[in-house]
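Participant: So the chains spell out like this:
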Amino acid sequence: MSVLARSVGNAFRNKIRTAAVVAVLAVAIGLALAMLVANQAVGAKVQELNASVGTTLTVNPAGGQGFEGGGEPLTTTEAQTVASVANVTSVVGTKALRLQTASTTTASTGATTGTTQQAGPGGGFGPGGQQPTVSTNLTAAVDAGTLGNRNSSTGSTTQPTRTLPITATGTGAEVDSTGKALNITSGTGLGDYTAAEAKALVGSSLAEKNNLTVGSTFTVQDKTFTVAGIFDAGTTFGNNAVYVTLPEAQALAATPDELSTMIVTVNSMENVDSTKTAVQNALGTDKADVTQGQRNLETAVSSLNSVKNISLIAFIAALATAGIIILLIMVMLVRERRREIGVLKAIGAPNRTIGLQFVLESLVLVALGSVVGAVIASLASGGIASALISSNTTTTAVTRTQRGGGLAGAVPNGSLPGGGGFQGGGQGGPFGGASQLLTSVTASVSPGVLAAGIAAVFAVAIIGALVPALLTARIRPIEVLRGE
Amino acid sequence: MIVVKDLVRQFKSGDRTIKPVNGVSFELGKGSLASIVGKSGSGKSTLLSLLGALDKPTSGDVVVDGVSLAGLPDGKLTEYRRRDIGFVFQQFNLIPNLSALDNVMLPLEFAGVRKSARLQRAKELLEQVQLDPEKHARRTNRLSGGEQQRVAIARALANEPKLILADEPTGNLDEQTGEHIIELLSSLSRDDNTTILVVTHDRSLAQKTERCFRLQQGRLTEEVRSGSRR
Ligand SMILES: Nc1ncnc2c1ncn2[C@@H]1O[C@H](COP(=O)(O)OP(=O)(O)OP(=O)(O)O)[C@@H](O)[C@H]1O
Ligand SMILES: [Mg+2]
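First to last, the sequence lines map onto chains E and H. Using our numbering, you'd call the opening residue of the first sequence number 1 and step up by one each time. Using our numbering, you'd call the opening residue of the second sequence number 1 and step up by one each time.
Next comes chain E alone, as it looks inside the complex:
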C-alpha cells in the first residue's frame, strides 16, 4: 500500500461526509468558474467593442452628413492632412453614391434629364448635393414601404410608387462606412482599393434580389461591374448596398478629388479625444465635423466593464469560499486523525510522508469537487453571463430605442427628408450591428480559464492540508497519541 493508495482510501473513509464535502465544494468551485467564464466573456466583448468602435473617428463636411446638409466637400488633400495628425493610424476616405434603378430614375429626374445627376432635386450643394444619383440596373432589396413613400413625397415630384435607392460606397479600404471591416461571405475583396477597377462588393440581400453571385455583372451608369464578393453587414439596410473602390466611385460621380466621409482610426482608446480635437483643428471647424463613431457605445462599454468587475469579485469570492471550505475541512480532518499522525510519526514516518498523504487526500476531494463543479459551471456559465450582460445593457437599449424613435417620429413630420427614409427601411445601421454584438455575448468554457480557477483551488487545498498536518507532525508523538 502506497501513500497515494492510503490517501485515496482515507478520502473515502467516511462516504457520507465525502459526498457532502464534494457537493459543497462543487457548488463553490462551479460558481467561481462560472464567474471567471463570465468575466472573460465580458472582457473579450469589451475589447472587441473598443477595438471595433472606440478608436474610430468620422469626418464629415461641415454642415453635412450622409445625403443631407450642405457645405464644401472633403478632398483627398484634406485626407492627407488628417493622416499626418499625431496618433492617427489610418485614414480611409469613402465616396457615397445613390444608385437609382434605371426606369424610375428617368421618371423621377425627368425634369432635368440625363443619367448623371450632379445635383439632387434642390440643385447645387443643397440636400443631396454631395451624393450624386446615378442609374443602375439593380433593384433595391428593401421595399419602400410606408416610410419610404412618405419620405419620397417630400421631394418636388410625387410618384405613386417608387423603389428605394441603393447606396454605393467607394471606399479606400476593406471597411464599411462606419469603419468596420467588411464581412465578406463569398468571393474576395476588391484588392487594391485605391485603384479604379470595375469590380464591386454586393450586400447579401441585394445580391439575392438581383440574382447576383461572384462573377456576375451589373451596370452602373452604363458601365459594367463584376461582382468580386458578397458581404454580410448584419442588417437589412447594410446589405442593400454596393462597395466599389474609392477612385471608381469618384469617377462615377465625376468628382475625382471629393470624399463624402473620412474614417480615421486612432492608435489607442486613450488618444481618441485628443486626436479628435487635433483633427478638427487641422481641418478647420468651418470645414469639417469630426465625430467619434458610435460614441454612445461608451456607456455600453463602461457598464460592461462594471459587469466585468462584479464578475471578477464574485469569482474571487466564490473561489475564496471554496478555499475556506477545503481549508476548514482539511483542518477538521487532520484534527480528527491527530492520533493517526502520532502513530505514523511514532513508527518512523518522515514529516514529508505525512504531509504528502494529507495533501493527496485533499487533492482527491478537490479533484472530485472540481470535476462536478466544472460540469455545473459549464451548464450555468452561459446563462449567468448572458443574464449579467442583458440586464446591464438595458440602458443602451433604451438609448437606441429613443434614437430610433426620434428618427421615426421625425420622418413623418417631413423635417428630415431623404436620409430618414433610408434609415426607416431597416434598423439604425451602426446600432443594429453593435447591439447584436452586445446581445450575442455568450460565455464559453475555455480550457485556460478552467485550468486557472482549478489550479487556485488546488493551491488552497494543498496549503489547507499541508499546514495543519505538518503542525501536528511536529508535536512529540506521545502527546499526539495521548490525544486532547
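Derived by calculation from the structure, the hints in this document are not laboratory data. Hints may be right or wrong, so weigh each one.
To be verified - Not the full set, but computed from the structure, chain E residues with beta-carbon under 7 Å of chain H:
#1 A349
#2 I475
#3 R482
#4 G483
Said to hold, decoys possible - Taking lysine-lysine pairs in the DSBU-like style, the calculated list, with each CA pair at most 35 Å apart, reads:
#5 H:K115 to E:K15
#6 H:K19 to H:K123
#7 H:K123 to E:K15
#8 E:K180 to E:K276
#9 E:K223 to E:K209
#10 H:K123 to H:K12
#11 H:K162 to E:K15
#12 H:K162 to H:K115
#13 H:K30 to H:K162
We treat Cβ as the ideally placed atom computed from N, Cα and C, and that holds for glycine.
Using the hints provided, position chain H with the ligands relative to the given structure of chain E.
Facilitator: Relative to the frame of chain E, chain H with the ligands by itself:
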C-alpha cells in the same frame, strides 16, 4: 548498547508536579532481554516512551550505541524510531482502516523497501506471531484485542530493529499464545542479537528475562536473581 543517565520526566497535574520517572539510570548490553515490572501508574510506559524517543525527558539522557538522543534533531529522532526501534504500544495504536498486512508494511514503506519485498516480509511476520492467514487482509479495527496485539508486535519487528521496546506485549493473550510470543522475543535476542526491553505484569515473562527491573516511586531497581534463567 543503551545507556540511560539520570532520566527525569515530570508532569504538571494541576498545581502538583508528579515525577513518574525520577532519576532513572541503567545500562543494557547488546542482545540482552530485560523486563520492567511495577505497579500500575508507576511510570513504566512513561519510561519506555522516553527510551523510544516518543517523548523528551525533563532532564537526563539516553545514549544508544554512543549517540545521545537529547542532542538529536527531530528528523534524526524519526529516523532513529524508524530504523533502530521497534515499539509495541500498550494500546497497540494500529491504523484502524488499514488491513493487518498494510499496518505491518507501513514501517517497511517508510524505510523504502520495495513493494513486493514488503508484502513478503509482512506475511512472514504475521505468520510468526501466529495470526490466521485469513485475517491478514482484515481491517485491524475488526480484529480482537489479542489479534491486534500480535499485529502490533509484527509491526514492531518489521524493520529488524536493534532495540525492541514492548509495553505489555502479552497482556491480551492467552497463556499459550503468550508463551509463543515470549519464545519469539527471546529467540530474537538470542539469535539476532536484538536488545529487548519489555514492560510486563506477567510473572512468567518476567521470570524468563535475563534481567528484571522494578520501577517504584520514580526509581528503577534491579531485582537480584539467584541464577540465570536460560
Ligand atoms: N501527560 C501526562 N500528564 C500528566 N500525568 C501523566 C501524563 N502521562 C502519564 N502521567 C502520569 O504518570 C504516571 C505514570 O503513568 P504510566 O502510563 O507511565 O504508568 P504505567 O506504569 O505504564 O501504568 P500501567 O501499568 O497501568 O500501564 C501516572 O500516574 C499517570 O497519571
Ligand atoms: Mg503503561
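Participant: All hints are to be evaluated individually against the structure, with a verdict given for each.
Facilitator: Here is how each hint holds up against the structure:
1. A349: holds, 5 Å
2. I475: This hint is violated: E:I475 lies away from chain H, its Cβ roughly 10 Å from the closest one there, beyond 7 Å.
3. R482: It is violated, given that the least Cβ distance between E:R482 and chain H is near 10 Å, above 7 Å.
4. G483: violated, 11 Å
5. H:K115 to E:K15: Roughly 28 Å between the alpha carbons, so the hint for H:K115 and E:K15 holds.
6. H:K19 to H:K123: violated, 41 Å
7. H:K123 to E:K15: Since the Cα atoms of H:K123 and E:K15 sit roughly 30 Å apart, the hinted pair holds (cutoff 35 Å).
8. E:K180 to E:K276: holds, 18 Å
9. E:K223 to E:K209: holds, 20 Å
10. H:K123 to H:K12: violated, 43 Å
11. H:K162 to E:K15: violated, 41 Å
12. H:K162 to H:K115: holds, 23 Å
13. H:K30 to H:K162: Measuring from Cα to Cα gives roughly 8 Å; hence the hint holds.
Violation of the numbered hints given earlier is confined to hints 2, 3, 4, 6, 10 and 11; the remaining hints are satisfied by the structure.
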